[in-house]
Structure formats: C-alpha cells, structure tokens
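Protein chains: 2
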Amino acid sequence: MFKRLCLIGIGLIGSSIALRARQEGLAETIVVSTRRQETLDRAKARNLGDVYTDKVSEAVQGADCVILCTPVGSFASLGERIGPHLADGCIVTDVGSVKRSVVKQLKPHLPKNVHLVPGHPIAGTEYSGPDAGFATLFDERWCLLTPEQGTDKQAVEKLTSFWQGLGSWVEVMEPDHHDMVLAVTSHIPHLIAYNIVGTASELEEVTQSEVVKFSASGFRDFTRIAASDPVMWRDVFLHNKDAVIEMLGRFSEDLSRLQRAVRNGDGDLLFEHFTKTRDIRRGIIEAGQETDLPNFGRDVVVDTESNS
Amino acid sequence: MFKRLCLIGIGLIGSSIALRARQEGLAETIVVSTRRQETLDRAKARNLGDVYTDKVSEAVQGADCVILCTPVGSFASLGERIGPHLADGCIVTDVGSVKRSVVKQLKPHLPKNVHLVPGHPIAGTEYSGPDAGFATLFDERWCLLTPEQGTDKQAVEKLTSFWQGLGSWVEVMEPDHHDMVLAVTSHIPHLIAYNIVGTASELEEVTQSEVVKFSASGFRDFTRIAASDPVMWRDVFLHNKDAVIEMLGRFSEDLSRLQRAVRNGDGDLLFEHFTKTRDIRRGIIEAGQETDLPNFGRDVVVDTESNS
Numbered sequence: 120m121f122k123r124l125c126l127i128g129i130g131l132i133g134s135s136i137a138l139r140a141r142q143e144g145l146a147e148t149i150v151v152s153t154r155r156q157e158t159l160d161r162a163k164a165r166n167l168g169d170v171y172t173d174k175v176s177e178a179v180q181g182a183d184c185v186i187l188c189t190p191v192g193s194f195a196s197l198g199e200r201i202g203p204h205l206a207d208g209c210i211v212t213d214v215g216s217v218k219r220s221v222v223k224q225l226k227p228h229l230p231k232n233v234h235l236v237p238g239h240p241i242a243g244t245e246y247s248g249p250d251a252g253f254a255t256l257f258d259e260r261w262c263l264l265t266p267e268q269g270t271d272k273q274a275v276e277k278l279t280s281f282w283q284g285l286g287s288w289v290e291v292m293e294p295d296h297h298d299m300v301l302a303v304t305s306h307i308p309h310l311i312a313y314n315i316v317g318t319a320s321e322l323e324e325v326t327q328s329e330v331v332k333f334s335a336s337g338f339r340d341f342t343r344i345a346a347s348d349p350v351m352w353r354d355v356f357l358h359n360k361d362a363v364i365e366m367l368g369r370f371s372e373d374l375s376r377l378q379r380a381v382r383n384g385d386g387d388l389l390f391e392h393f394t395k396t397r398d399i400r401r402g403i404i405e406a407g408q409e410t411d412l413p414n415f416g417r418d419v420v421v422d423t424e425s426n427s
Numbered sequence: 120m121f122k123r124l125c126l127i128g129i130g131l132i133g134s135s136i137a138l139r140a141r142q143e144g145l146a147e148t149i150v151v152s153t154r155r156q157e158t159l160d161r162a163k164a165r166n167l168g169d170v171y172t173d174k175v176s177e178a179v180q181g182a183d184c185v186i187l188c189t190p191v192g193s194f195a196s197l198g199e200r201i202g203p204h205l206a207d208g209c210i211v212t213d214v215g216s217v218k219r220s221v222v223k224q225l226k227p228h229l230p231k232n233v234h235l236v237p238g239h240p241i242a243g244t245e246y247s248g249p250d251a252g253f254a255t256l257f258d259e260r261w262c263l264l265t266p267e268q269g270t271d272k273q274a275v276e277k278l279t280s281f282w283q284g285l286g287s288w289v290e291v292m293e294p295d296h297h298d299m300v301l302a303v304t305s306h307i308p309h310l311i312a313y314n315i316v317g318t319a320s321e322l323e324e325v326t327q328s329e330v331v332k333f334s335a336s337g338f339r340d341f342t343r344i345a346a347s348d349p350v351m352w353r354d355v356f357l358h359n360k361d362a363v364i365e366m367l368g369r370f371s372e373d374l375s376r377l378q379r380a381v382r383n384g385d386g387d388l389l390f391e392h393f394t395k396t397r398d399i400r401r402g403i404i405e406a407g408q409e410t411d412l413p414n415f416g417r418d419v420v421v422d423t424e425s426n427s
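The listed protein sequences derive, respectively, from chains A and B. Counted the way our numbering counts, the first sequence spans residues 120 to 427. Counted the way our numbering counts, the second sequence spans residues 120 to 427.
Just chain A, same shape as in the assembly (with noise of 0.2 Å):
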C-alpha cells in the first residue's frame, strides 16, 4: 500500500502500526524515527522497522506517508522540521487525540502537493512506550480523519484502507466536532479520574494504604485512565481546551444536582438517574466496543459450583 511508511514516535500507537502494518505488508519499507536513543533501541530490539534514525529530517525523505505518533504539543515544531523534506504526494497525518490544533500546527509547514489528513485511532491502553504497542491493538475500533475540505480525495480514501488494513473501521468527520466529542468521551473522563484519584490520595482523614485496600470498591477503576501517559494527556488539555471547559461546565451543572438531591435526600431523582445510565452500557456492549463479563472480566474465574 505504501512504499516507504515513516512512523515519527514509536510509543504505544506507533509500535502497534509497525507491528500490524508488517504483518499485513502495508508498507514496503517502515521508517522509525525517534528523539531518543533508548527508544530507538528498543524499537530495533522488537524489529518494528527497517530502518531507524533520530533525525526526523532524514526520516522523512522519500517517504509516501509520514504518521507523526508523539505527544499533540510536538506537532508545530516537527512540522517546521520535516515541511522542507517532504516528498510531492506524502500523506501526512497522525493519531493525536485532539484534531483543530493538529491542523492548526500542521498545515503552515506543509509544501503545496502534500496531503494533510489528519488521525484519530480510538484506541489505546494506560500503558505508553515502544514495548506497549501489540498488533491487535486497533481491531474493530474507530479510526476518525478528519481531512479538511478539499483535501485530495484518493490521499483520503488511501488512508482510510491502510486504518482498515490495521483492523479499524474509519469515520471521516469535521475537526471541530471530533475535539468536541472527544472532550465527551475521553477528556472529561481523563480529566475527572486524574481528579479523583489526586483527591483521593491527599486526603487526611483517609490514609493512602486504606484507598489502596479498599480502592475494590469503584475507585480503581479509575486509576486506570489516570495511570495514562501524563506528557500527551498535558498536550491534549492544552490543545483542546475550549472544547474541555464547554464539557467540564456541563459535567458540573450536573454533578451540582446530583449534589442537591443527596443533600435534599430526593432518593426518586437519584434512581432515576441511576436507571437511565444502566442503558448506554448496553449500547456499548452490542457495539461490540466492551466486553459483557463482570469487572470487565478482570476476575474472571472458571467456577464450576456456581454455574452447576
């Protein structure tokens, strides 16, 4: 599909897309560059490319596709590194989290015959780094790009069957409503367990080994998201901030009724509440986005009494 495939980061999304793409023969020859040596060598060390260098300048030449797969506060000054080395006709995109600033960021650097379409594979764990990726990682999850209008048709429809190479189903969708969604489905939430977990962990009257013990309860779930990796999350929030606070303002106007009829003790608000939100867990169970086991099936234990 491409002949030369340039992969700038190699952490968890970028290792996963070297892995997959290999598997698949989606590109002839896969390019890894990263600022580290360390990273490098591990790269090597897991055989996620063909060649491997530390200058981004020289990563990018000759290459057909160039996916930058690094924090989203990189993107402006890789772009001003790479614009001059591009090759007439490389797709360039990404896989950040936010997709306004990417074009934002992007597009002053890029030459005239390059194709911007920026990236958004919904998919990832709290683990970040060249040993996080596996290459199942974007099996039967969303990929959205989000090319502006105009953009080079073919360079669109080439991206989107190399994402449905990689396992992912591909929705092409508007910047501005994709940083909205987003800060729904996935900012928020990140934000809000980062919070909770911070709260929880400087508290007097609470001990840190008491949180840890009894955190079975419902908080370790949320440690989960808060276990992320902490430069790219600090990128997200910092380039998709209006979206964020329009979001954040929503989620506290709610959480100020909630607040209300625990005060008040409106037990009939609070199980309506509570009833209603059981359903959109369904529906994202049949999407086939969650597993249906208890825990998430992370305790899941064969018991032959119980199912007797």
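Be aware that one or more of the hints could be misleading.
Intra- or inter-copy, both count: the list cannot distinguish identical chains.
Under the rule of at most 25 Å between Cα atoms (straight-line distance), these lysine to aspartate or glutamate pairs were calculated in the DMTMM-like manner [to be verified]: (1) Lys360 x Asp385; (2) Lys360 x Glu372; (3) Lys360 x Glu391; (4) Lys360 x Asp373; (5) Lys395 x Glu245; (6) Lys360 x Glu157; (7) Lys360 x Glu324; (8) Lys223 x Glu324; (9) Lys277 x Glu405; (10) Lys395 x Glu157; (11) Lys223 x Asp387.
None of these hints come from the bench; they were simulated from the model.
Guided by the hints, dock chain B onto chain A, whose structure is given.
What follows is chain B alone, placed relative to chain A:
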C-alpha cells in the same frame, strides 16, 4: 461454624455468600429469605439454600447468624420485623456499603442478647440479582466489620472467621471512619460515574451513537459502575449524606484547580498532577486488588508476533 445461617436478600452478595458458605461447609442449614417470589424461585433453581421463605419473621427463627443482604434503606423496617423473633446469642450482621446508618437503623430493634456486628465486604460487580453471584467473589478482598465498643468479642471473632472462610481478609473499623473511607473509594466514584454517563447521554451537540462508538477512548470505563444497581446506590447516598457531601466538596475544589490550569494553559501543573496519579495504581496492583493487564485485560489477545 453456624448451625442456621439466615440470608435476608439473595442478590449478588447474598448468593455469593450462600455458594461459598455451602462449598466450605460454614453452615449446617442455609435459610434464604426474600420478598419477591421470582427471586426466591431463582435462588431455589441455583440451589442456594436449604430453606426458602418470603416471610422474614419466620426466616430468622432459630438462626445463630442473620445477614441482611438487601439495600440499606430497608434495614429499619427489617429490624422492626425480625427483632422479636431473633434467638438469644444470634449474630446480626449485614453487607451494606454504609455503616453508621446501619447501627442507627437496627440497634433500637434488637433484643439485648443479640450481637450486632455490621459488616461490609469490599467486593462486587456491576451485575445484580441471585444469578450474578459466584463463590469466589470475596477471595482476597477486604471485609470491614464495624462493631460498637462493648460488642461481644466472641461474636466479632466468629464473624471474622466466617468471612475468612468465604475467602476475605478482615479488618475492624469505626463506623464513622468506614463511611468516610468508602465515600472516597466508592461512593464519590460511583456518583461521578453516574454523573458523567448522564451528562454524555443528554448532550445536543454529540449524539448518543457517537458516545457509544467512540467510548473506547476512556468513557466506557465509567459506564461499568454507572450500570450498578440503582436501588442499592440510591440508598447508599441517602444514608451517607454527610461524608459524601464533604468528599464531593474536596473533589470539586480539586477539579476547579485542574480546570483553571486548563484555562490558563498551565502545562506544568497538569503534568505534575498526571504524574503523581500513576503511583497509586501501581500500589493497588501490588496490593493484589487489581490486574496489571492493559485495559483490565478485557481485550487480551495472545499476540505471538509482538512477543517474538
């Protein structure tokens, strides 16, 4: 251990106690009592007890241990109905998620020679009902007992051994402290999860279908606990109002701080906060209360390619 164990309520927790108690031979006779005939029939079909009745006053007669496994809002009424029928020396306990209110609701109704030892196993899933229980639910999970000062030591010891027999680790705690700890580790996480799932499903700008499709970006984690039993959770909030409102205040203060950092573009504050929260998950994994598999192990795939 017990001659006649009476379980009032046979949902997720009650049925799990029944299965494990029978497996370990912790009770000669298990009496199952529940209000709804349909639930009683399911309990019979799963062979959870030896005696089944919808009359609690009959159920408790002759029992040396009675465990209330119904939502905590029912305890005052249950106490009133069972009080006159309890045998001398009987241990009365429960599995409710709040503890001060349990003492307050039950104590006035219990005769002198009965031992009240409130309990709370820190274990569960998002499923409810007699079919949701399984014998290993309590394995390596903590169970908190909150007897008042002056409670018969032998009763506390016996109940401790019983929970250990079910697979739990046991700790004794003051009821007020319990309610504060659980507000943080459980009640606030649930309220927040219920809240954000509500917020997301009521937006005009983002369709419910988008929330479902792109939920793998973080949101789906929250839907699990927001799918928990609505009656149980309504009662938890009504019966732990003070601690919940206190801890919600801390949560909101902390969230305002993060919100301000997003608004001001304070990347250092965000990075620092997001770094600290990683440690607590590590602690929970090391304490045996969580899996270290990515995404809770829910999409574990044996990937020989990437492990080579």
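Tested hints:
With identical chains, the CA atoms of Lys360 and Asp385 are at most 25 Å apart between copies only, with a shortest distance of 11 Å across copies and 35 Å within one. In this homomeric assembly, Lys360 and Glu372 come within 25 Å of each other (Cα to Cα) both inside a single copy, at 18 Å, and across copies, at 19 Å. Taking the shortest Cα distances, Lys360 and Glu391 sit within 25 Å of each other only across copies (18 Å), while inside one copy they are farther apart (32 Å). In this assembly of identical chains, Lys360 and Asp373 lie within 25 Å of each other by CA distance both inside one copy and across copies; the values are 20 Å within and 18 Å between.
When the C-alpha separation of Lys395 and Glu245 is checked against a cutoff of 25 Å, the pair qualifies only between copies, where the shortest distance is 15 Å, while the shortest distance within a copy is 29 Å. Proximity of Lys360 to Glu157 under the C-alpha cut-off of 25 Å is found in neither arrangement, the shortest distances being 33 Å within a copy and 52 Å between copies. For a Cα distance limit of 25 Å, the shortest separation of Lys360 from Glu324 across copies, 17 Å, qualifies, whereas the shortest one inside one copy, 34 Å, does not. Proximity of Lys223 and Glu324 under a CA criterion of 25 Å is satisfied inter-copy only: 23 Å between copies versus 46 Å inside one chain copy.
For the homomeric pair Lys277 and Glu405, neither the shortest alpha-carbon distance inside one copy (29 Å) nor that between copies (45 Å) is at most 25 Å. Taking the closest pair of Cα atoms, Lys395 and Glu157 come within 25 Å of each other only across two copies (24 Å); inside a single copy the shortest separation is 49 Å, beyond that limit. For the homomeric pair Lys223 and Asp387, the shortest alpha-carbon distance between copies (23 Å) is at most 25 Å, but the shortest distance inside one copy (47 Å) is not.
Checked against the numbered hints above, the structure violates hints 6 and 9; every other hint is satisfied.
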